[in-house]
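Enquirer: Starting from the structure of chain V, add chain U where the hints point.
Number of protein chains: 2
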Amino acid sequence: CGAGDGGSSAAAEHPLSGFQLQSVLRESARDKTIFLHGKVSCKEQSADAVVILERAPFQADAVSRLLGNNPEPKLQLKNDIYSVYHLNPPPELNEVKATVIHPATEKHIKKYMRQELYLIQETGEDYRNITLPFIESQSFSIQWVYNILEKKAEEDRIVHENPDQEVGFILLPDFKWNQKQVDDLYLIAICHKRGIKSLRDLNGDHLPLLKNVLQEGQEAILKQYGVQGNHLRIYLHYQPSYYHLHVHFVALGHEAPGITVERAHLLSDVIQNLEMDSQYYSKRTLTYTLRSDEPLLQKFKEAGRC
Amino acid sequence: CGAGDGGSSAAAEHPLSGFQLQSVLRESARDKTIFLHGKVSCKEQSADAVVILERAPFQADAVSRLLGNNPEPKLQLKNDIYSVYHLNPPPELNEVKATVIHPATEKHIKKYMRQELYLIQETGEDYRNITLPFIESQSFSIQWVYNILEKKAEEDRIVHENPDQEVGFILLPDFKWNQKQVDDLYLIAICHKRGIKSLRDLNGDHLPLLKNVLQEGQEAILKQYGVQGNHLRIYLHYQPSYYHLHVHFVALGHEAPGITVERAHLLSDVIQNLEMDSQYYSKRTLTYTLRSDEPLLQKFKEAGRC
Numbered sequence: 001c002g003a004g005d006g007g008s009s010a011a012a013e014h015p016l017s018g019f020q021l022q023s024v025l026r027e028s029a030r031d032k033t034i035f036l037h038g039k040v041s042c043k044e045q046s047a048d049a050v051v052i053l054e055r056a057p058f059q060a061d062a063v064s065r066l067l068g069n070n071p072e073p074k075l076q077l078k079n080d081i082y083s084v085y086h087l088n089p090p091p092e093l094n095e096v097k098a099t100v101i102h103p104a105t106e107k108h109i110k111k112y113m114r115q116e117l118y119l120i121q122e123t124g125e126d127y128r129n130i131t132l133p134f135i136e137s138q139s140f141s142i143q144w145v146y147n148i149l150e151k152k153a154e155e156d157r158i159v160h161e162n163p164d165q166e167v168g169f170i171l172l173p174d175f176k177w178n179q180k181q182v183d184d185l186y187l188i189a190i191c192h193k194r195g196i197k198s199l200r201d202l203n204g205d206h207l208p209l210l211k212n213v214l215q216e217g218q219e220a221i222l223k224q225y226g227v228q229g230n231h232l233r234i235y236l237h238y239q240p241s242y243y244h245l246h247v248h249f250v251a252l253g254h255e256a257p258g259i260t261v262e263r264a265h266l267l268s269d270v271i272q273n274l275e276m277d278s279q280y281y282s283k284r285t286l287t288y289t290l291r292s293d294e295p296l297l298q299k300f301k302e303a304g305r306c
Numbered sequence: 001c002g003a004g005d006g007g008s009s010a011a012a013e014h015p016l017s018g019f020q021l022q023s024v025l026r027e028s029a030r031d032k033t034i035f036l037h038g039k040v041s042c043k044e045q046s047a048d049a050v051v052i053l054e055r056a057p058f059q060a061d062a063v064s065r066l067l068g069n070n071p072e073p074k075l076q077l078k079n080d081i082y083s084v085y086h087l088n089p090p091p092e093l094n095e096v097k098a099t100v101i102h103p104a105t106e107k108h109i110k111k112y113m114r115q116e117l118y119l120i121q122e123t124g125e126d127y128r129n130i131t132l133p134f135i136e137s138q139s140f141s142i143q144w145v146y147n148i149l150e151k152k153a154e155e156d157r158i159v160h161e162n163p164d165q166e167v168g169f170i171l172l173p174d175f176k177w178n179q180k181q182v183d184d185l186y187l188i189a190i191c192h193k194r195g196i197k198s199l200r201d202l203n204g205d206h207l208p209l210l211k212n213v214l215q216e217g218q219e220a221i222l223k224q225y226g227v228q229g230n231h232l233r234i235y236l237h238y239q240p241s242y243y244h245l246h247v248h249f250v251a252l253g254h255e256a257p258g259i260t261v262e263r264a265h266l267l268s269d270v271i272q273n274l275e276m277d278s279q280y281y282s283k284r285t286l287t288y289t290l291r292s293d294e295p296l297l298q299k300f301k302e303a304g305r306c
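Protein sequences appear in the order of chains V and U.
Position 272 (the first sequence) corresponds to 272 in the numbering used here; numbering is contiguous.
Position 115 (the second sequence) corresponds to 115 in the numbering used here; numbering is contiguous.
Everything labelled a hint here was simulated from the structure, so no lab data went into it.
Each hint can be trusted.
One copy or any two copies: either way a pair holds, since identical chains are not told apart in the list.
DSSO-like cross-link-like pairs, simulated, lysine-lysine; straight-line CA separation at most 27 Å: (1) Lys97 - Lys176; (2) Lys151 - Lys78; (3) Lys97 - Lys180; (4) Lys78 - Lys180; (5) Lys176 - Lys152; (6) Lys197 - Lys111.
Chain V on its own, in the form it takes in the complex (with noise of 0.2 Å):
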């Protein structure tokens, strides 16, 4: 059962039909979308499941299916020029995406509950005293990351390699994008190049590689999608979800998570600060926000830094 032993039984291929929701870590009726934490049962061993569900964007070519084939619209309110009303349209028009992490562990559990932030100012000194320990402490897997590099996964899913080992890097759709629309293009570029952890390893050596992502990732995405580079914003995330360089590109107008300005960094600022200063990020003071259950919130607690 579950992901991991490749059986061709109906419970394997359907995890989600085993699901017992346990609780509901967070939803967020702005963006349709709820996450829940569930186990799955199977041969009398149960483990714990992650589902984050995710209603559809609008497809514009189907919303006059969309309005026509559709039972009758119930009246809701009217008043004047303006009404509403409820539709309920038919399965094949109305896609839900479920992520499902399985099996989960306590910490793919946390990551997706609701927390109280804290906004850190992190030193060079902080990062090398607190983080940088912390980060080599917890050996988070890129095993990922690494089978993307390798092509031994998503191989299909690539949108443009260089394959350079120094300067090149895979550009892919990002999970979060169903490619069926660029209003909410994003896309990541993983670079070959492995043991740059994160912005506070980038210095001016790195700036060829920096400058080829920011420039081939743009043309390639032109070249596939049609969408030019003063459309997208393109930044790395300080903290990263994962310890291996790369880039989000991402439509401008796509309001996604993690553009917010202490937690994105935009590839051109990057570029110009290690212009200015080759050792620029390890000596700057880095703001970010971490969540109450974080363990490195606890560490720079721990360090009279919060």
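Expert: What follows is chain U alone, placed relative to chain V:
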């Protein structure tokens, strides 16, 4: 037919079924919303209509039904513990809200029309050659700001004041905040000193002012609302919406508009940058977004800089 006549025919009750799509005015993949312009025909007459479709948020108590009562989930991808499925739940679990404006005027249609966004990379030279002359030619009125500073308006809303004309400021709630809960706390610090139009005019001489706003602003908010500095996002906008120096103090968990990386500049970063280089903001290339209908965009286009 339509919303106005109160008739009892089927057409009168369902203007949506006679809706002929003309164009998609705007869509938001994140919000699962789409704004449509179309015609509703009736008795050989035809009137404009705007229809806004929005998918329903998930309801926690319906989620188990949604996962259980599904036809075969379709596996989209699988990598290690992560998998993605598409579900097509039955109509009763898939509501769409349709807001109808009918008959709609030209103004309704324009209101919902999406403006294309452009990313501007404004060099120091661009600022002096394009942006500054544009700002000066517009003579934006900031009389309302002077009214606040001179206590001719909104005096009863002041939360804190330091009356010093060099480093002082007035702190008051932003109009966007209803002051009923601190989750979306939003205050503005308006500096007493005049003539600082934006970030671009700041230099090392302004460090005492900026540090004072940061320190005293946080203290006043802690005293008045019990919210600590590490739960606040404190930033300036570039471009600002008015050209008199002001600083935003917003609850960290509140996703206010204008906190994105290409619009917001953390006050702590501004201070660091000026400490590093007193002339930082007169030289730096600053990135921001302009909508296609903004006159400043036209100036950048005329100068061949966009």
